[in-house]
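The primary structure of each chain is shown beneath.
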Amino acid sequence: MAIPEPQFDELYRELILQHYRHPRNRGRLPGAALRAEGANPVCGDEVTIELEMNDGRIARAAFEGQGCSISQASASMLTETVAGKTVAEVRRLADAFERMLVNGEPPAPELGDLEAFQGVSKFPVRVKCALLSWKVLQRALEGAA
Amino acid sequence: MFDARAIRRDFPILERRVNGRPLVYLDNAATTQKPRAVIDALVRYYTTMNANIHRGIHTLAIEATEAYEAVREKTARFIGAEGYGAVVFTRNATESINLVARAWGEANLRPGDEIVLTVMEHHSNIVPWQLVARKTGAVLRYIDIDEEGHLLLEQARELIGPRTRLVTLVHASNVVGTINPVAEIAEMARRVGAVVLVDGAQSVPHMPVDVRALGCDFLAFSAHKMLGPTGVGVLWAAPGLLEAMEPFLGGGEMIAIVRPEESTWADVPHKFEAGTPNIADVIAFGAALDYLAALGMEHVRAHEVELTALAMERLRRLPGLTIFGPREPDARGGVLSFAIDGVHPHDVATIADSFGVAIRAGHHCAQILTRRLGQSATSRASFYIYNVPEEVEALAEALEHAIEVFRRGDSRAAVR
Numbered sequence: 001m002a003i004p005e006p007q008f009d010e011l012y013r014e015l016i017l018q019h020y021r022h023p024r025n026r027g028r029l030p031g032a033a034l035r036a037e038g039a040n041p042v043c044g045d046e047v048t049i050e051l052e053m054n055d056g057r058i059a060r061a062a063f064e065g066q067g068c069s070i071s072q073a074s075a076s077m078l079t080e081t082v083a084g085k086t087v088a089e090v091r092r093l094a095d096a097f098e099r100m101l102v103n104g105e106p107p108a109p110e111l112g113d114l115e116a117f118q119g120v121s122k123f124p125v126r127v128k129c130a131l132l133s134w135k136v137l138q139r140a141l142e143g144a145a
Numbered sequence: 146m147f148d149a150r151a152i153r154r155d156f157p158i159l160e161r162r163v164n165g166r167p168l169v170y171l172d173n174a175a176t177t178q179k180p181r182a183v184i185d186a187l188v189r190y191y192t193t194m195n196a197n198i199h200r201g202i203h204t205l206a207i208e209a210t211e212a213y214e215a216v217r218e219k220t221a222r223f224i225g226a227e228g229y230g231a232v233v234f235t236r237n238a239t240e241s242i243n244l245v246a247r248a249w250g251e252a253n254l255r256p257g258d259e260i261v262l263t264v265m266e267h268h269s270n271i272v273p274w275q276l277v278a279r280k281t282g283a284v285l286r287y288i289d290i291d292e293e294g295h296l297l298l299e300q301a302r303e304l305i306g307p308r309t310r311l312v313t314l315v316h317a318s319n320v321v322g323t324i325n326p327v328a329e330i331a332e333m334a335r336r337v338g339a340v341v342l343v344d345g346a347q348s349v350p351h352m353p354v355d356v357r358a359l360g361c362d363f364l365a366f367s368a369h370k371m372l373g374p375t376g377v378g379v380l381w382a383a384p385g386l387l388e389a390m391e392p393f394l395g396g397g398e399m400i401a402i403v404r405p406e407e408s409t410w411a412d413v414p415h416k417f418e419a420g421t422p423n424i425a426d427v428i429a430f431g432a433a434l435d436y437l438a439a440l441g442m443e444h445v446r447a448h449e450v451e452l453t454a455l456a457m458e459r460l461r462r463l464p465g466l467t468i469f470g471p472r473e474p475d476a477r478g479g480v481l482s483f484a485i486d487g488v489h490p491h492d493v494a495t496i497a498d499s500f501g502v503a504i505r506a507g508h509h510c511a512q513i514l515t516r517r518l519g520q521s522a523t524s525r526a527s528f529y530i531y532n533v534p535e536e537v538e539a540l541a542e543a544l545e546h547a548i549e550v551f552r553r554g555d556s557r558a559a560v561r
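Top line first, the protein sequences correspond to chains F and S.
Residue 108 in the numbering used here sits at position 108 of the first sequence, with consecutive numbering throughout.
Start counting at 1 in the second sequence, then tack on 145, and there's your number in the numbering used here.
With the rest of the complex left out, here is chain F (with noise of 0.2 Å):
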């Protein structure tokens, strides 16, 4: 019997490594109307993002945070993709990359970039990780008028 290829290839797209070795937005911005915090208190993932905001819409995101690949990698791409967005559209980009990790939808077209995240659905105890920056995210928008 041929032992198969291990399917880790899958879910280490270059490009999340590329986010996890090399993070964009990371650090504060003093000039933050929103920010949250969350972890995964089971595997010690932290995130704390922080928005400027401008006219209803995400003028810039940062992110702070210590974890694996996925869950840093997640928060990174999260702060390049949110920046200009409105808080519906980002609320939407949420929730479609959200059903693309749990119930293994396809990726939506808007998601773009995050489509690199498909193959984590995948690996279910890894799922959270990368929903992580995502429901921190969505914390921080609820203090959005």
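Wrong hints could be hidden among the right ones.
[Stated by the list, open to error] A partial selection of chain F residues facing chain S, derived with a Cβ cut-off under 7 Å:
#1 Pro6
#2 Cys43
#3 Cys68
If you're looking for bench data, these hints aren't it; they were derived computationally from the structure.
Using N, Cα and C, we set each Cβ at its ideal position, and we do this for glycine too.
For this one, chain F is given, so just place chain S on it according to the hints.
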């Protein structure tokens, strides 16, 4: 003659494949697998003997009671406590410690009294004492470790003083593997009249343990970490202690006479086993004790030292890998926690799992120690009787893949 390969045949689960590969089970510090003898004992109990114990007059009740009580004796013998002190069955080691914290701690601790523990305790030997400290005004004092994960004995000598009422410590660390000099610390405690509790969850399953040699007053451990079923913990107490304590839980089984206003208690150990206990699992635990006794705990220990030495030697050759804890394999239990530069433990564990290798990643319920090591999480491989050298090699190869995946990510990104 100890033969891990022959032992493997007694464990049905080891025939399993995971992600298309043979299971390499290296998460034994979390729980061990069960030999057929234990599984059969469980089925046999329910098939032939099932009855409630200690109150029946009929044949099944008598047989079940005898089988249950025989395991109590067997447990005492296993830790050198035959006819010495008492064995109470609980749900797990955590409950055993909580029993002492509540039933002994709340009655005996006063404001300013000190509880001495160590930074390498599992949460189960920290949180119950924090709860008791909050209620009684007692204070927690922690013995620190050196860079190799050994307790600072000088500091222990300073901390264990006239205000110390209790010294509670882990025998073998579930993270750094250190085997602590319990007898030496128990002697310090005895000189100041303090009670000593030992968390034996990672020692009783892996090496000969004798409560008299340890010099402790309480010993807590769990059946499921030593081939037994989940849902059974053990609390051993030295003579006189349990007799002087009020009950932990009230209910059936633990009473002598119940009157409207007040009741009297059953004798030790029944005073501490309220309600129907986990009869089936206790009886099956007896089969686990038989299995380990037949192997001989000194042989179990020697096998684990051998595998640990091999694993330390092999893993140290991997680039960027750091092993925590004592450098000498015979100074530690068969537990290896490690970090790999640039690869988070959860990623290590996911990649290992894709090769069928089960390891643990996280803080291992020891956040104080994990932080003390300067980490937020570590990866951990832990061995038992059925592990073989090829499995150390399978682990090492899986780790090499993990390192390679994250290096690749690094070099491609750097080229851009």
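Each hint, compared with the structure:
no., hint, in the structure
1, Pro6, "holds (4 Å)"
2, Cys43, "holds (6 Å)"
3, Cys68, "holds (4 Å)"
Checked against the numbered hints above, the structure violates none of them.
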